[in-house]
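With these hints in hand, go ahead and build the complete structure from the sequences.
Here the protein sequences line up with chains A and B, keeping their order.
If you read the first sequence in UniProt numbering, its first letter stands for residue 1, the second for the next number, and so on.
If you read the second sequence in UniProt numbering, its first letter stands for residue 1, the second for the next number, and so on.
Derived from the structure by calculation, the hints contain no laboratory data.
Do not take every clue at face value.
Under 7 Å between C-beta atoms, here's a sample of chain A residues computed to sit facing chain B [claimed, not checked]: (1) 147; (2) 178; (3) 266.
All C-beta atoms, glycine included, are put in the ideal place defined by N, C-alpha and C.
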Amino acid sequence: MSLRVTDLRVHYKTLKGDVRALDGVSFDVGDGEILGLAGESGCGKTTLGKSLIRMDGRMRHVGGKVELDGEELPIGDDRRMNPFRFHKVSLVPQYSMSAMNPTRKIGRMVGELLRSRGVALDQATLESRLDLVGLPREVLQRYPIELSGGMKQRMVMVISTLLDPSLLIADEITSALDVSTQKSVATALAGFRESGVVKSMVFITHDLSLTYQIADTIMVMYAGKLAEKAPAKTMVEAPRHPYTKLLIDSLPEVGVRHTERRLAGIAGSPPSLLDPPAGCRFRDRCPLAFDRCAQEPPPVEVEPGHVVACWKADA
Amino acid sequence: MLRLDNVTKVYKVGAFGGKTLTAVDRVSFDVRPGEVVSLIGESGSGKSTLGRMILGLVPASGGSITFEGTPVKPGKAYYRNVQGVFQDPFSTFNPVFKADRVFAMIREAYFPGVADADWTARLRTALQDVRLDPDQVLGKFPHQLSGGQLQRLLIARALLLDIRLLVADEITSMLDASTRIDVLNVLADLKERGLGVLYITHDLSLGHYLAERTVVLRHGEVVETGVTEAVFTRPLHPYTRQLLAAVPRMHAPWEDAEPVETCLYHKHGATGRLYAAAEDHLVACARLGDCPKES
Ligand SMILES: Nc1ncnc2c1ncn2[C@@H]1O[C@H](COP(=O)(O)OP(=O)(O)OP(=O)(O)O)[C@@H](O)[C@H]1O
Ligand code: SF4
Ligand SMILES: [Mg+2]
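Dropping the structure here:
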């Protein structure tokens with residue numbers, strides 16, 4: 001098992017109290033597996049990604065643990081996490097495209113970055129990685145501003161994986177890109193796993209159809225908790241959680257026209273995580289809710305590899 | 001209703017304006033009442049520039065844009081008929097004021113004589129038309145509302161003016177799947193009421209869901225246009241096909257897709273003049289039928 005997350009709880013400290021952004025989440029990612037993490041805005045995807053590598057100042061690790069290749073990650077301890085970053089776990093963040101230093105040529109920036117991590121630049125590896133994502137070698141002589149969005153995104157992917165981390169987390173790296181660029185970036189990302197540069201990957205996006213294209217397993221979160229996790233094909237063909245079902249039904253795939261089939265959104269909005277309601281968090285939007293939903297539904301493995309947190313998972 | 005005829009926009013670029021960049025190149029299409037036209041293009045294709053020209057926010061360099069036969073002239077009279085809604089709803093609202101201030105501003109500018117009770121009734125109707133509960137959204141600050149609610153407030157504001165044409169530029173790209181479909185359905189309702197809608201997007205599936213007609217733009221030029229059904233089910237231009245093949249779909253993995261045929265003569269397919277491939281289906285190549293394609 002590459003990554004094992006057990007009952008992870010991470011809160012944001014705010015003046016009004018704790019925002020319970022991750023409220024007891026457990027899952028595994030196997031060797032060579034790409035896990036797609038989906039769910040609507042604010043459900044805790046970025047929080048989960050950041051927790052595995054670098055918490056920001058307001059985040060607090062309040063419970064649970066994270067193990068990578070059998071070793072516990074000291075996620076609550078910024079200094080002790082340092083040796084793991086880049087070497088064992090790496091992140092391509094949401095909006096990473098603007099994060100590159102604009103005053104340095106890319107080649108020089110990469111060298112400086114590696115030196116700051118105490119590693120010498122291996123030119124051959126760097127070049128082979130550029131080939132892998134389909135970037136010409138001359139990008140190293142260019143400034144970040146001279147690269148298109150898709151090229152920048154690929155460059156950040158190359159940099160984050162130079163030290164062959166075991167786990168790569170990619171947070172919404174394609175959502176600002178056009179369809180054709182999105183496809184080439186997502187395919188290049190999957191290429192890192194195929195070529196063994198990284199062992200496993202967490203691919204975060206709110207776009208289920210995109211996740212389906214590259215992930216082996218999809219995990220859907222709702223309001224800081226796991227709603228459903230299943231092999232990608234099962235998730236889109238036979239989802240069990242009412243939230244996943246409604247989410248999939250609200251997607252206009254090419255081929256659907258409103259005159260023939262009017263799709264519907266999910267009425268209502270997710271609960272506040274400052275003081276989340278007891279019981280199932282999807283309850284006030286769920287068409288199947290009944291008395292028992294006032295108690296929290298535990299995640300249950302309904303068939304091998306398919307986990308659902310819903311009292312009606314068998315319905 | 002809205003007619004674009006060979007509309008062109010050339011920007012001056014470079015330190016002394018010495019170079020030029022043609023952002024929009026001889027674009028022609030119509031938007032009729034009760035019709036959604038989707039304008040599909042990737043970033044830099046000129047689709048937002050077109051939207052801004054239609055709204056009179058930037059002047060065209062060539063060609064003509066007419067609304068009901070009259071050239072676009074920005075001003076109160078025009079904006080009573082034609083309004084725009086843009087990508088980022090948060091930037092339209094001032095965070096220090098309550099969100100419904102945008103309605104008060106419309107009232108001051110266009111309807112100073114309308115009595116309070118009458119105005120309240122109109123406002124409630126407009127909100128209900130975009131499927132918002134007035135009691136839930138009025139009196140709130142922007143940060144207390146979701147992106148989809150704010151986007152719908154802006155559409156409601158346009159409806160108060162009794163507009164006939166709405167230009168919607170990437171209005172759903174920042175929204176969640178579930179909210180996005182609600183906003184799209186609101187646009188579909190507008191068309192039922194006889195409004196014309198120009199829906200600008202890079203998302204082909206959303207364009208397909210909503211629009212009667214589709215215009216595909218590349219590097220400022222129209223490469224294919226026509227009835228949505230025809231463009232999506234019988235795409236002719238290699239660029240349209242490439243775009244369609246790249247759309248992630250459930251149940252259809254990318255690796256199972258057939259490779260897109262490229263064009264032997266032009267790297268990405270022909271540009272320039274549009275030829276009728278069928279009634280109401282135009283494509284930028286006269287020879288597609290007998291093109292010896294390379295695969
Ligand atoms: N710095 C912060 N302080 C307080 N609350 C925060 C902070 N950052 C995020 N949150 C809250 O934590 C929850 C989870 O946020 P997170 O950014 O992880 O969501 P997400 O799933 O990544 O959403 P998106 O799809 O919009 O990126 C939300 O309720 C959010 O409002
Ligand atoms: S536990 Fe109840 S409320 Fe929650 S998703 Fe299942 S049926 Fe709906
Ligand atoms: Mg996020």
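Structure-based check of each hint:
About 14 Å separates the beta-carbon of residue 147 of chain A from the nearest beta-carbon of chain B, more than 7 Å, and the hint is not met. The restraint placing residue 178 of chain A at the interface with chain B holds, with a minimum CB-CB distance near 4 Å, inside the 7 Å limit. Given the 7 Å rule on beta carbons, the hint for residue 266 of chain A holds: about 4 Å separates it from the nearest Cβ of chain B.
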